[in-house]
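**Q** Sequence:
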Amino acid sequence: PEQLVSVLNRYLAAAAEAVLREEGTVDKFMGDAVMAWFNAPIPQADHTLRAVRAALAIRSAIIGLHAVLPASQHLSFGVGIHRGDAVLGLVGSERRLDYTAIGDSVNTTRRIQENAEPGQVLVTEDVYSEIAELIFAKESAPIQAKGKREPIKVYEVIGLRQAA
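In this note's numbering, each number is its position in the sequence shown, counted from 1, plus 1125.
Please note that a few of the clues may not be correct.
To be verified - With a Cα cut of at most 27 angstroms, we get these calculated BS3-like pairs of lysine-lysine:
| hint | residue 1 | residue 2 |
| --- | --- | --- |
| 1 | Lys1153 | Lys1271 |
| 2 | Lys1273 | Lys1153 |
| 3 | Lys1263 | Lys1278 |
| 4 | Lys1273 | Lys1263 |
To be verified - For each label pair, taking beta carbons as the anchor points, the in silico distance ranges come out as:
| hint | residue 1 | residue 2 | range |
| --- | --- | --- | --- |
| 5 | Glu1219 | Lys1263 | 25 to 33 angstroms |
| 6 | Gly1244 | Glu1148 | 20 to 28 angstroms |
| 7 | Ser1131 | Lys1263 | 33 to 41 angstroms |
| 8 | Gly1244 | Gly1214 | 30 to 38 angstroms |
| 9 | Ser1197 | Asp1223 | 29 to 37 angstroms |
| 10 | Ser1218 | Gln1169 | 30 to 38 angstroms |
| 11 | Val1151 | Ser1201 | 18 to 26 angstroms |
| 12 | Ser1218 | Val1193 | 26 to 34 angstroms |
| 13 | Ser1218 | Ser1265 | 34 to 42 angstroms |
| 14 | Pro1166 | Ser1131 | 14 to 22 angstroms |
| 15 | Gly1284 | Ser1254 | 13 to 21 angstroms |
| 16 | Arg1220 | Ala1165 | 20 to 28 angstroms |
| 17 | Lys1278 | Lys1153 | 23 to 31 angstroms |
| 18 | Ser1185 | Asp1210 | 24 to 32 angstroms |
It is worth saying that the hints were derived from the structure and are not from the lab.
Cβ coordinates follow ideal geometry from the N, Cα and C atoms, glycine included.
Put together the whole structure using the sequences plus the hints.
**A** Structure, rendered in structure tokens:
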């Protein structure tokens, strides 16, 4: 069990570092997942691109970890990125409060992430439309997410164009 925690922490640290390098906020660790956001508390005009760059850096970091760790310690990952409004604030009880983001955009992001294949970075159509000229991406199969009537159109990010 201690070794599992140690290995998991290496992966989570790599993900957190990628987010922080792009000036994102690491919200929380949830098992083997990392929740992060951009554009708050300080507005960022290029927050969508920052999120995608962080996701691609996470993918590279995981590939790097796979190169040095035995196959038995390889963890798979997928990234989901969506943009939208969220409520930021302290949530919890008097004894334990967490500063976190809540709302439909957070839930949608989670659903996208849950549907990402290992190594895949999926973005919603809103994200893609904003930065399409800065990334290489291909349309993926729409996701039928819990709580959504219509399937969510998503794109797989392959990489950045040179200027990004």
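**Q** Check each numbered hint against the structure and report the violated ones by number, ascending.
**A** 5, 12 and 14
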